[in-house]
Amino acid sequence: MKVLSNEVYIIGAGETKFGELWDKSLRNLAVEAGLKAIENAGIYSKDVDAIYGANSLAGIINKQENIGALIADFSGLSADGIPSLRVESSTASGAAALRDAYLSIKSEEYDVVVVGGVEKMTDIHGSDILEKSSSILDREWEAFFGATPAAMAALIARKYMHDFNVDKEALSMFSINDHLNGSKNPDAQFRNKITLQQAMNATAVADPLNMMDCSPLSDGAAAVVLASESYMKKNKKEGVHILSSAVAEDYLSVGSRQSIYTLTSTKLAAEKAFKKAAIKRDDISFMEVHDSFSIYGLLELEDLGFAEKGKANKMVYDDIKLDGRLPVNPSGGLKAKGDPYGAVGVGQAVDAYRQLTGKAGDNQIKDARYALLHNMAGTGASSIIHILGE
Amino acid sequence: MTELSRIWRETEYRYNLIGYRCKNCGNSYFPPRDICPKCHRESIGKMEKVKFSGNGEVMSYTVVHDAPPSFKRQVPYVLALIKLSEGPVITAQIVDSPEENVEIGTKVHMVFRKIRQDGDSGIIEYGYKFAVNQ
Ligand SMILES: [Zn+2]
Numbered sequence: 108m109k110v111l112s113n114e115v116y117i118i119g120a121g122e123t124k125f126g127e128l129w130d131k132s133l134r135n136l137a138v139e140a141g142l143k144a145i146e147n148a149g150i151y152s153k154d155v156d157a158i159y160g161a162n163s164l165a166g167i168i169n170k171q172e173n174i175g176a177l178i179a180d181f182s183g184l185s186a187d188g189i190p191s192l193r194v195e196s197s198t199a200s201g202a203a204a205l206r207d208a209y210l211s212i213k214s215e216e217y218d219v220v221v222v223g224g225v226e227k228m229t230d231i232h233g234s235d236i237l238e239k240s241s242s243i244l245d246r247e248w249e250a251f252f253g254a255t256p257a258a259m260a261a262l263i264a265r266k267y268m269h270d271f272n273v274d275k276e277a278l279s280m281f282s283i284n285d286h287l288n289g290s291k292n293p294d295a296q297f298r299n300k301i302t303l304q305q306a307m308n309a310t311a312v313a314d315p316l317n318m319m320d321c322s323p324l325s326d327g328a329a330a331v332v333l334a335s336e337s338y339m340k341k342n343k344k345e346g347v348h349i350l351s352s353a354v355a356e357d358y359l360s361v362g363s364r365q366s367i368y369t370l371t372s373t374k375l376a377a378e379k380a381f382k383k384a385a386i387k388r389d390d391i392s393f394m395e396v397h398d399s400f401s402i403y404g405l406l407e408l409e410d411l412g413f414a415e416k417g418k419a420n421k422m423v424y425d426d427i428k429l430d431g432r433l434p435v436n437p438s439g440g441l442k443a444k445g446d447p448y449g450a451v452g453v454g455q456a457v458d459a460y461r462q463l464t465g466k467a468g469d470n471q472i473k474d475a476r477y478a479l480l481h482n483m484a485g486t487g488a489s490s491i492i493h494i495l496g497e
Numbered sequence: 011m012t013e014l015s016r017i018w019r020e021t022e023y024r025y026n027l028i029g030y031r032c033k034n035c036g037n038s039y040f041p042p043r044d045i046c047p048k049c050h051r052e053s054i055g056k057m058e059k060v061k062f063s064g065n066g067e068v069m070s071y072t073v074v075h076d077a078p079p080s081f082k083r084q085v086p087y088v089l090a091l092i093k094l095s096e097g098p099v100i101t102a103q104i105v106d107s108p109e110e111n112v113e114i115g116t117k118v119h120m121v122f123r124k125i126r127q128d129g130d131s132g133i134i135e136y137g138y139k140f141a142v143n144q
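Here the protein sequences come in this chain order: A and B. Numbered by the numbering used here, the letters in the first sequence go through residues 108 to 497 in order. Numbered by the numbering used here, the letters in the second sequence go through residues 11 to 144 in order.
Just so you know, these hints were derived from the structure itself, not from any lab. For every residue, glycine included, the Cβ atom is placed at its ideal position computed from N, Cα and C. Hints may contain errors.
To be verified - Here are a few chain B residues that sit away from chain A, every Cβ distance over 12 Å (derived from the structure):
| # | residue |
| --- | --- |
| 1 | E20 |
| 2 | R24 |
| 3 | R31 |
| 4 | C49 |
| 5 | I54 |
| 6 | S63 |
| 7 | G64 |
| 8 | S107 |
| 9 | V142 |
To be verified - Here are the in silico distance ranges between beta carbons for each label pair:
| # | chain 1 | residue 1 | chain 2 | residue 2 | range |
| --- | --- | --- | --- | --- | --- |
| 10 | B | P86 | A | D180 | 41 to 47 Å |
| 11 | A | Y424 | B | K82 | 34 to 40 Å |
| 12 | B | D130 | A | G166 | 25 to 31 Å |
| 13 | B | E110 | A | R298 | 49 to 55 Å |
| 14 | B | E58 | A | D180 | 48 to 54 Å |
| 15 | A | H269 | B | P86 | 17 to 23 Å |
| 16 | A | A385 | B | N65 | 47 to 53 Å |
| 17 | A | K239 | B | I28 | 26 to 32 Å |
| 18 | B | E58 | A | S132 | 31 to 37 Å |
| 19 | A | G417 | B | N65 | 27 to 33 Å |
| 20 | B | I28 | A | A186 | 54 to 60 Å |
| 21 | A | E127 | B | P86 | 25 to 31 Å |
| 22 | A | E378 | B | G97 | 24 to 30 Å |
| 23 | A | Y151 | B | C35 | 37 to 43 Å |
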């Protein structure tokens with residue numbers, strides 16, 4: 108019988124560098140991140156009750172499904188029969204796997220679970236990736252007619268800027284902040300700072316969005332080790348508490364939604380996450396948000412409840428900076444750290460673990476106590492939020 | 011190349027802009043859906059096909075410069091969210107007029123066009139696009 112509670116903690120974390128990693132395969136990446144996390148947690152493979160592996164597009168990019176078995180096999184765990192399942196929820200696969208692992212410990216089924224996220228996106232020729240990545244949209248009624256993830260974000264951006272009289276500069280400021288933070292993160296894909304002029308005048312992708320508004324193609328993997336409080340205490344380990352985990356859905360297609368610039372899934376998930384964590388928005392020390400396109404960064408500030416609708420532009424100049432009132436994406440975010448779809452949500456947890464244990468290096472936020480992690484599928488069809496803290 | 015049946019089964023809707031109307035609440039939907047998101051099980055068996063007028067206005071638009079291979083020949087193209095006069099908002103291209111003529115609020119109507127071509131020897135797919143009203 109368990110004496111202590113079944114609260115869930117992150118007791119170790121690790122990730123690969125994010126970027127164009129030509130010398131590394133899907134399985135190399137997954138194993139590298141997993142081993143780093145296990146080593147960091149100071150546990151052995153015999154301690155692991157289960158693995159939850161996140162991946163979004165390996166089936167169509169790398170022509171490899173059966174990711175759960177692949178990860179277990181090449182981590183050397185197949186002979187031990189350790190359960191290993193893949194979790195897919197588009198670009199929110201990472202947080203979905205984190206949540207499933209969290210629930211598995213909450214339910215007292217397991218004590219120690221490894222959560223991994225991996226994506227290998229550069230094993231594909233040129234613009235073919237756009238055909239594949241558009242599968243995060245409604246294939247038959249959006250992508251079929253020429254929509255891409257960037258084009259859908261651009262449609263949202265145009266209407267938002269029009270209705271709230273927000274200028275393009277506000278969007279660019281979000282990318283500038285990502286690059287500034289990414290420049291100090293050794294795992295980030297882009298380590299260069301960008302100027303406002305560079306952010307405003309980059310090559311057009313889908314007007315009004317240009318290349319500096321769009322996350323890159325990335326390879327990468329990330330992993331965390333979760334443990335029950337009882338395991339942690341018994342084995343004299345320390346960890347970061349997962350205070351809450353919440354998920355909500357919205358329509359798959361942008362056009363079906365009540366308001367095209369309201370991320371309702373994010374709004375609903377945030378309400379649930381704050382309620383369960385029993386903390387206030389003011390308590391949050393920093394956030395990692397899913398800004399695959401700069402416009403989403405602004406919408407997320409609003410729909411997470413930190414700015415009124417149409418007013419996020421007031422936050423992007425100072426508040427979101429590393430030393431601002433509410434630092435956003437200290438890791439560099441999806442724009443600069445990178446956007447390996449299935450790994451993103453787990454990568455956010457790696458960053459938060461490092462911040463909350465005071466090991467974030469040059470990006471360390473002073474007195475960081477509570478983190479909000481926001482991972483989103485497609486154009487906002489699903490949002491998954493985790494609040495981490497003491 | 012093996013996508014024929016997948017494309018064929020949607021042609022009725024894509025060629026004629028046919029969606030569904032819920033007989034329980036009267037709301038119209040596009041793309042077609044079997045259940046009304048407002049009435050849930052009350053709508054079972056009460057969803058009927060409805061042909062939309064094809065008239066609408068631009069809710070938002072973008073000019074796409076970076077496109078998948080099957081759309082490469084059309085770049086740059088105008089993609090829009092169009093609010094049909096019957097209510098639903100759909101994602102479609104705007105053609106036959108320079109992008110300067112497209113703004114939020116511009117009135118448009120449906121036209122039947124080639125949508126995409128699967129390489130040089132692949133099938134050609136057709137469906138709706140929209141054009142600016144004169
Ligand atoms: Zn109805």
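Open item on the list: Taking the Cβ atom of G417 (chain A) and the Cβ atom of N65 (chain B), is their distance within the range 27 to 33 Å?
Closed with: 29 Å, holds
TODO: Using the beta carbons of Y424 (chain A) and K82 (chain B), state whether their distance is inside 34 to 40 Å or not.
DONE: Given a distance of about 38 Å, which is inside 34 to 40 Å, the answer is holds.
TODO: Please test the hint of 24 to 30 Å on the beta carbon pair from E378 (chain A) and G97 (chain B).
DONE: With Cβ atoms ~28 Å apart, the hint holds.
Task: Interface-negative label, V142 (chain B) against chain A, beta-carbon threshold 12 Å - done: Given that every Cβ of chain A is farther than 12 Å from that of V142 (chain B), nearest at about 17 Å, it holds.
Task: Claimed clearance of chain A by C49 (chain B), with the beta carbon kept past 12 Å - done: 15 Å, holds
- [ ] Check the non-interface label on E20 (chain B): least C-beta distance to chain A beyond 12 Å or not.
- [x] 6 Å, violated
Task: Given as non-interface: R31 (chain B), which should sit over 12 Å from chain A by C-beta - done: 15 Å, holds
Task: Cβ separation of E110 (chain B) and R298 (chain A), checked against the hinted range 49 to 55 Å - done: 40 Å, violated
- [ ] Starting from the hint 41 to 47 Å, judge whether the C-beta atoms of P86 (chain B) and D180 (chain A) obey it.
- [x] Holds, since P86 (chain B) and D180 (chain A) (Cβ atoms, about 46 Å apart) stay within the stated range.
TODO: Could you check the hint for me, namely that A385 (chain A) and N65 (chain B) are 47 to 53 Å apart, CB to CB?
DONE: Given about 51 Å between the Cβ atoms, the range holds.
- [ ] Return holds or violated for the Cβ distance of E58 (chain B) and D180 (chain A) against the range 48 to 54 Å.
- [x] 51 Å, holds
Task: Cβ separation of D130 (chain B) and G166 (chain A), checked against the hinted range 25 to 31 Å - done: 26 Å, holds
Going through the hint list in order, the structure does not satisfy hints 1, 2, 13, 18 and 23.
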